[in-house]
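Student: One letter stands for each residue in the lines below.
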Amino acid sequence: MILDLYNYWVVIALMMVGFYSVIVRGNLIKKLIGLNIFQTSVFIFYISVGKVDGGTAPILVDGVTLYSNPLPHVLILTAIVVGIATLALALALVVRIKDAYGTVEEEEIREIDEQ
Amino acid sequence: MVHLPVLQVVIPLMAAPALLLLNRPWQSWLLTCLVTITAFAISVSLLGTVYSTGTISYELGGWEPPWGIEYRIDLLSAYVLLIVSGVAALVAVASRQGLDADVATDKQPTLYVLYCLCLAGLLGIVATGDLFNVFVFLEISSLSTYALIAMGPHRRALWASYQYLVVGTIGATFLLIGIGFIYSLTGTLNMQDIAARLPLVDADRTVHTAFAFIVVGVCLKLALFPLHFWLPNAYTYAPSIVTAFLAATSTKVAVYLLIRLHYSIFGANFALDVLPLNLLFLILGLAGVFAASLVAVQQPNVKRLFAYSSIAQIGYMIVGLGLGTVIGLQATLLHLFNHALMKGALFLAIAGVVYRVGGSDLAHFAGLGRLMPWTMAAIVIGGLSLIGVPLTVGFISKWYLVLGAIEAGLWPVAGLVLIASVLALFYVWRIVEVAYFESPTALTESAREAPLGMLLATWVLVGANIYFGIDTELTRQTSELAAQHLMGGQP
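These protein sequence lines map, in sequence, to chains D and P.
The first sequence begins at 1 in this note's numbering and counts up by one.
The second sequence begins at 1001 in this note's numbering and counts up by one.
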């Protein structure tokens, strides 16, 4: 019964893993990995929502009447692109932070800033 | 012109790649000015149209809503579009010289690309009537904002931008989760359609979860206390011109988004039986006003001081929402407009100081009252408006906020709002004291009046601070009608 919804359990687990990493990790790259896992969990959530039991890909074929809902899948295609853009921008920032501070550890950056 | 609602967004969006190809500082500036002024002209015309013929519904690509994407300009959208594009145009005019202090000449064309992208995103959030579109435009404006902040002269700008990126992405993802829940319940993304179908949904808990995710996500973007910690660094270390633009527009659009989602989709009284959201808004708003004002008083850097002041002013807007009445909502809308005018004027004036003196610490203001009289006069008038002195816009919004609190029977709230205004007096006074009662130091003695272009833009905003403080017809009437409409009264 509960396992029927295992997609959503995976979503929640990934969401928590990602969110936890963003908050706890001090390494800027690890934070970004956490952020990406967090975003990915939402992608899986959308994709699961769009799935119709027994439905097939929404392509007109003779003899098929039940299709999955393509709209959430299309939406999440957009969100994936946004996620990639965010990650690329964030990594570019980390590269420049490394150049400017010589470290990618949050603690050390704070110490340098306080001096 | 039937296509104006979409042109408003498409013109800045298309200008961005054009600017990237152009890649020359002077020409890029000219094109940015043209684009932003066009956007402003369109928003003026849209407001006129909404007043004469009512809400405009534009079908993107001719697909009928709710299947296609709808751009929907009602009174509230037109009002916010007006202030956002107006400030964007003035800041763009001032940026010709203003950027030189913070950004190398060869980087300036890139900055204009990001500026137009950010503007397109902000205008898009306000213009669209489609929930997923909101998320996309939010990310367009956010991503360009992160890059704009990172262009600041100090390496701390990078760290500020990174922090904002992490927080902003979490906020946007929360919004995305909320949108996902709502879509799975109603099967539609059109805001009008959702508002019609949501009451029929028989899954209270899921709707509440969606609402919670959306409110928290948007509150991260609008820097509601205690979710504000990204804002001071971002405003302090961004290039001064960018700070002026962001302070006047981006948090205002987030407040708009909160109002739009809360009132137009969920309804004014949604979830009040499960969650005392209004009380929560009152407490967090007032806590934000006091905490941020007290911190602002101690800041040695003027940009940082006014960044904390921004958090306090957002607190006032949230208090207005928390009152849960038409007048309270009207006070929020008035303050949204008026605060954009104040902070636009103040941060542009500070940009002038940074350009001439090279920094925005209090020490950089010593004796500037005589050396840069017009710039400092702008800061004084902007500061008075922030405090809420009569004949400035600040007075109008405070007046309505106090009026709303009294009408709702919440005397303590009215009292606290007035006490908090005194705190604003303290932090504005610190700048006035340094600028007018100290003699110029070695740091400032060679300062001259800011360049004409910057001064002009600053004083247009200062003039608007006074004009809309005396002739309140436009703002008062528009905000009143919009508030009544949102509260479900007669439009």
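Some clues are possibly wrong.
[Stated by the list, open to error] Selected chain P positions facing chain D (in silico; Cβ < 7 Å):
(1) 1132
(2) 1139
(3) 1150
(4) 1161
(5) 1165
(6) 1167
(7) 1269
(8) 1270
(9) 1274
(10) 1410
(11) 1411
(12) 1415
[Said to hold, decoys possible] Covered stretches of chain D (chain P as the covering partner; in silico rule of three or more C-beta atoms under 8 Å from a C-beta of chain P):
(13) 6-13
(14) 20-31
(15) 44-51
(16) 54-64
(17) 81-91
These are calculated hints, taken from the structure and not from any lab test.
These figures come from a predicted structure and were not determined experimentally.
Ideal Cβ positions, reconstructed from N, Cα and C, are used throughout, including at glycine.
Student: All hints, please: hold or fail.
Tutor: For each hint, the structure was consulted:
1. Taking 7 Å as the C-beta contact cut-off toward chain D, the hint placing residue 1132/P at the interface holds, the least distance being around 6 Å.
2. At about 5 Å, the closest approach between the beta carbon of residue 1139/P and any beta carbon in chain D falls short of 7 Å, and the interface hint on this residue holds.
3. Nearest Cβ of chain D to the Cβ of residue 1150/P: about 6 Å, under the 7 Å cut. The hint holds.
4. Checking residue 1161/P against chain D: minimum C-beta separation of about 6 Å stays under 7 Å; hint holds.
5. The criterion of a C-beta within 7 Å of any C-beta in chain D is met by residue 1165/P, whose closest approach is roughly 5 Å, and the hint holds.
6. Taking 7 Å as the C-beta contact cut-off toward chain D, the hint placing residue 1167/P at the interface is violated, the least distance being around 9 Å.
7. Residue-level restraint check for residue 1269/P is violated (minimum Cβ-Cβ distance to chain D is 28 Å; threshold 7 Å).
8. Against a cut-off of 7 Å between C-beta atoms, the interface hint on residue 1270/P is violated, since the closest Cβ of chain D lies about 22 Å away.
9. With a least beta-carbon distance of about 22 Å to chain D, the hint placing residue 1274/P at the interface is violated under the 7 Å criterion.
10. With 7 Å as the threshold, the beta carbon of residue 1410/P stays out of range of chain D, its nearest partner Cβ sitting at about 36 Å, so the hint is violated.
11. Taken as an interface hint, residue 1411/P does not check out: its beta carbon lies about 40 Å from the nearest beta carbon of chain D, beyond 7 Å.
12. The criterion of a C-beta within 7 Å of any C-beta in chain D is not met by residue 1415/P, whose closest approach is roughly 38 Å, and the hint is violated.
13. Judged by the Cβ-Cβ criterion of 8 Å, the segment 6-13 of chain D is not covered by chain P as claimed, because only 0 of its residues qualify and three are needed.
14. Here's how the segment 20-31 of chain D fares: 3 of its residues keep a CB closer than 8 Å to some CB of chain P, so the rule of at least three is met and the hint holds.
15. Counting residues of the segment 44-51 of chain D whose C-beta lies closer than 8 Å to any C-beta of chain P gives 3; at least three are required, and the coverage claim holds.
16. With a threshold of 8 Å between beta carbons, the proposed coverage of the segment 54-64 of chain D by chain P is violated, since 0 of its residues qualify and at least three are required.
17. Here the segment 81-91 of chain D counts 5 residues with a CB under 8 Å from a CB of chain P, which clears the bar of 3, and the coverage holds.
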